[in-house]
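Novice: So the chains spell out like this:
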Amino acid sequence: ETGVTQTPRHLVMGMTNKKSLKCEQHLGHNAMYWYKQSAKKPLELMFVYSLEERVENNSVPSRFSPECPNSSHLFLHLHTLQPEDSALYLCASSQGYTAEETQYFGPGTRLLVL
Amino acid sequence: AQKITQTQPGMFVQEKEAVTLDCTYDTSDQSYGLFWYKQPSSGEMIFLIYQGSYDEQNATEGRYSLNFQKARKSANLVISASQLGDSAMYFCAMRGNPYSARQLTFGSGTQLTVLP
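The listed protein sequences derive, respectively, from chains Z and F.
Letter 110 of the first sequence, counting from 1, is numbered 110 in the working numbering, and no numbers are missing.
Letter 107 of the second sequence, counting from 1, is numbered 107 in the working numbering, and no numbers are missing.
Read the hints as simulated data drawn from the structure, not as lab findings.
Everything numeric in this text was worked out from a predicted model, so none of it was measured.
Certain hints may be false.
[Unchecked claim] Computed Cβ-Cβ distance ranges for the label pairs, DEER-style: (1) E17(F) with E56(Z): 39 to 45 angstroms; (2) G28(Z) with E61(F): 20 to 26 angstroms; (3) E61(F) with Q95(Z): 17 to 23 angstroms.
Backbone N, C-alpha and C define an ideal beta-carbon position, used for all residues, glycine too.
Please put together the full structure from these sequences, using the hints given.
Specialist: Written as structure tokens, this is what we have:
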């Protein structure tokens, strides 16, 4: 596999469920990101990890819990979500932090919360 | 704070013609990077082209070119010889230095439809 992969691609869950989204990057990058894309809204950055350490948390509700066990893997643990959390969740990675570093995205997970 | 503005919610272009997608930005950073991404209906965000704020030449990548006008704070994407497969959502984004470098700020996007 190459690039950035995400599983599952589609997820339907009830408000009481617990699920996890997985992201894996095969690019040797040091930084990984979670974004949320809701309908008719710009992408919103949720979390940033650098070298497995969380470096940014953009006021995301605690029902979203990220985990970065190593520089290649990033998880987003979901519990007691709300219907308004239904969105496309995109994972990205980049080599570093400078302005010219390109972020490469995975295919996303389409989440529907019932 | 950084801001990206894309004023065209939707654009139509005839196959094989060129199209320009507008993007203006606002930042107080001295050094920054500008990016364009394509998002087809499948959802994946595909990187197209990058322009650095200190680059004197406009960036080009195949059929994509970036018309960078620093004084006007604009970074328009030009797609030449449009193809049906170019139909997608296009996002302009920027990343600054130093403290805002982690965050890629996206515009609201332009939905491009290529007509046969």
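Novice: If a hint holds in the structure, say so; if it doesn't, say that too.
Specialist: Hint check results:
no. : hint                                   : verdict
1   : E17(F) with E56(Z): 39 to 45 angstroms : holds, 42 angstroms
2   : G28(Z) with E61(F): 20 to 26 angstroms : holds, 22 angstroms
3   : E61(F) with Q95(Z): 17 to 23 angstroms : holds, 19 angstroms
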